[in-house]
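Residue numbers (the UniProt record's numbering), protein chains in the order written: chain X, 1 to 282; chain C, 1 to 407.
A couple of the hints might just be wrong.
Stated by the list, open to error - Derived PhoX-like pairs: lysine-lysine, alpha-carbon spacing no greater than 25 Å straight-line: (1) X:Lys169 x X:Lys154; (2) C:Lys377 x X:Lys88; (3) X:Lys173 x X:Lys46; (4) C:Lys380 x C:Lys226; (5) X:Lys282 x X:Lys46; (6) C:Lys406 x C:Lys380; (7) X:Lys173 x C:Lys45; (8) X:Lys257 x X:Lys247; (9) C:Lys377 x C:Lys226; (10) C:Lys45 x X:Lys88; (11) C:Lys288 x X:Lys169; (12) C:Lys116 x C:Lys54; (13) C:Lys382 x C:Lys226; (14) C:Lys45 x X:Lys169; (15) X:Lys88 x X:Lys247.
Derived by calculation from the structure, the hints in this document are not laboratory data.
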Amino acid sequence: MSDAIIGGQDRIAKRFAKLKEEGRAGLVTFITAGDPDPEASFEILKSLPEAGADIIELGMPFTDPMADGPAIQEASNRALAAGMHMRKTLSLVRGFRDLDHETPIILMGYYNPIYIYGVAEFLEDARNAGVDGLIVVDLPPEEDAELCVPTVEKGLSFIRLTTPTSDDKRLPKLVQNTSGFVYYVSVAGVTGAGSASNDQIVEAMGRLRRHTDLPIAVGFGIKTAQQAADVARQADAAVVGSAIVSKIAESLDENGKATDKTASMVTGLVRELANGVRNARK
Amino acid sequence: MTSSSPTLNSYRALPDPDGHFGNFGGRFVAETLMPLILELEQAYKDAKSDPAFKKEMDYYLRHYVGRANPLYFAERLTEELGGAKIYFKREDLNHTGAHKINNCIGQILLAKRMGKTRIIAETGAGQHGVATATVCARFGLPCTVYMGSKDIERQSPNVFRMRLLGAEVKPVVSGSRSLKDAMNEALRDWVTNVEDTFYIIGTAAGPHPYPELVRDFQSVIGNEAKEQILEAEGRLPDQVIAAVGGGSNAIGLFHPFLDDKGVEVVGVEAAGHGVHTGKHAASLSAGKPGVLHGNRTYLLMDDDGQIKEADSISAGLDYPGIGPEHSWLKDIGRARYEPITDTEALDAFKLCSELEGIIPALECSHAIAQIVKEAPKMGKDKIILMCLSGRGDKDIFTVAEALGVKL
């Protein structure tokens, strides 16, 4: 058995165990697969761990990203315009996995492209490519039979989004079939909008810890090393997405094409964020 | 997977408690919205069993909307086509000129019951936006309407109407800049303003319970029409027919007739430039099941599951999906769905204007065009009942342009 098909839950659990050992929180970085084009996207992807990403969320492009703000919408549009599709997204993961056997990769997106690919075939291909978990925005627990249950059966993690509207009544249902870690969306809103206050995060962490022993990653609205550090003092990981894809957008030439600065601008930001996260508890 | 429907005693018993119509429907939304949708479901259950809610609804439908509207025998169109007798259910005579207001009254009364203080809506042609802005003015709630910038260009009179009514019209420039993108943007607003905001969805689609509650509020169309045709003809029609975009006027007409075995049910989709051209909005004729905007239903998409842009001369039909109950009715064979092109709809638009003195909306002109095809083949003893879902005044600029007339 090759490393690529080590069960996904293992790689995530190992990573959080290592973070615990190091006494620090992790940095989860989001980019959209194929943004701004498949080749440049692979360059960015493979440079992330060295720049300080502990876990990678890779967006599966979709035409109608209803829960995303403008930055990630545009990232999706750029990827689709450059001919990205699900099979290419999985080959991107496969290429990464050949180089890196340890950094967990979580695919994040919307259900329709998976549903059209075919759930069983998708899970098989994703696992073989070296995917460790899925975050699917439009699949609440009420629809667990669709994808969540088959994903967990396949040995991959199904990571659930919890939100400010997830109260004590709702949370048990949310953590029921989840694994890997719990993602706390710290503000009600789309990606890239405002951020939560420290007090709000502390309060939410308390509520979540009452319902789960899984690691908790906090995201939405984290743009700077300072914000990432603030979150890293409370949570097991900080997630940054829109700020990173905005950096990609900034780096493009007037025709929207990648430049020789694209990968370095992204890794520059990731280094800053990683510094923030790594020094937060010192 | 959801269970498909077992042997049914009725075609009117769905959705199931999880919002499924067979394999269609469901609740495919971001977690942030789940508590809101569950709250809405409970509020609607309570309202349905509350006589005071029904009384209030009836009051506004009668005194504000102007119901019951007539069932009109289209005598000259019937003569011209030389076959079945054609009746129009005159939703165009409602306040605001279309069926959309029926649903808006129901939803704003629900919003009030739930203590919500802000209303959002999406709109395509602008009819639902106008209806929402209207009820918001009447009930004193602030209103934001999302509308694709492409639709704003082709429906400027309705944009002005909404603004006159005090609504804020927000142009949507993402994606294809039409109805589906307006719906995305409304969902983004809702997910951001979860405390105070009620989302009035304009069609019988979206996450459960919307397809059910919009259908119930629109069923006043079919319920009235059934009584009226019995009074006029002493029997039920042989066919009920309506245009489908999202499908709210159609499901409102169809639903009360679904268990009447002898009544054929026909929905008419927008085939744009023709189904074979790929430039159309015929999700049932040319799409396949997928998941978008909270429900599983027939959608227009590519092999990768990316949603395709719809294309129709009628902004109200320019949507790449369809309400989930229609998908179910198609699959079980209780209803059939036929495509009508822009050109056929335009011809029907003119024909109805000239023969009946009724300028129909481009949406229901599609249904008239299907009648033009079918009525002559039916005997004179047959009866077709069509939902004339709205008036066509809003469309005169689009039609003039299509006919090469400068206004």
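Each hint tested on the structure:
1. With a C-alpha separation of about 29 Å, the suggested pairing of X:Lys169 with X:Lys154 is violated against the 25 Å cut-off.
2. In summary, the hint linking C:Lys377 to X:Lys88 is not supported, as the alpha carbons are separated by about 52 Å, beyond the 25 Å threshold.
3. Of the pairs offered as hints, the one joining X:Lys173 and X:Lys46 is violated, with about 36 Å between alpha carbons and a cut-off of 25 Å exceeded.
4. Only pairs whose Cα atoms come within 25 Å are accepted, and C:Lys380 paired with C:Lys226 is accepted, the gap being roughly 20 Å.
5. Between X:Lys282 and X:Lys46 the alpha-carbon distance is near 28 Å, which puts this suggested pair outside the 25 Å criterion.
6. For the suggested pair C:Lys406 and C:Lys380, the alpha carbons sit about 40 Å apart, so the restraint of at most 25 Å is broken.
7. At roughly 22 Å between alpha-carbon atoms, X:Lys173 and C:Lys45 fall within 25 Å of each other, so this suggested pair holds.
8. For the given pair, X:Lys257 sits about 13 Å from X:Lys247 by alpha-carbon distance, which is consistent with the 25 Å threshold.
9. Annotation: proposed proximity of C:Lys377 to C:Lys226 holds, straight-line Cα distance about 24 Å (limit 25 Å).
10. With a C-alpha separation of about 46 Å, the suggested pair C:Lys45 and X:Lys88 falls outside the 25 Å cut-off, and the hint is violated.
11. With a C-alpha separation of about 37 Å, the suggested pairing of C:Lys288 with X:Lys169 is violated against the 25 Å cut-off.
12. Between the alpha carbons of C:Lys116 and C:Lys54 the distance comes to roughly 19 Å, so the proposed pair stays at or under 25 Å and holds.
13. Distance restraint check for C:Lys382 and C:Lys226: the Cα-Cα separation of roughly 16 Å lies within the 25 Å cut-off, and the hinted pair is therefore satisfied.
14. Annotation: proposed proximity of C:Lys45 to X:Lys169 holds, straight-line Cα distance about 20 Å (limit 25 Å).
15. Of the pairs offered as hints, the one joining X:Lys88 and X:Lys247 holds, with about 23 Å between alpha carbons and a cut-off of 25 Å not exceeded.
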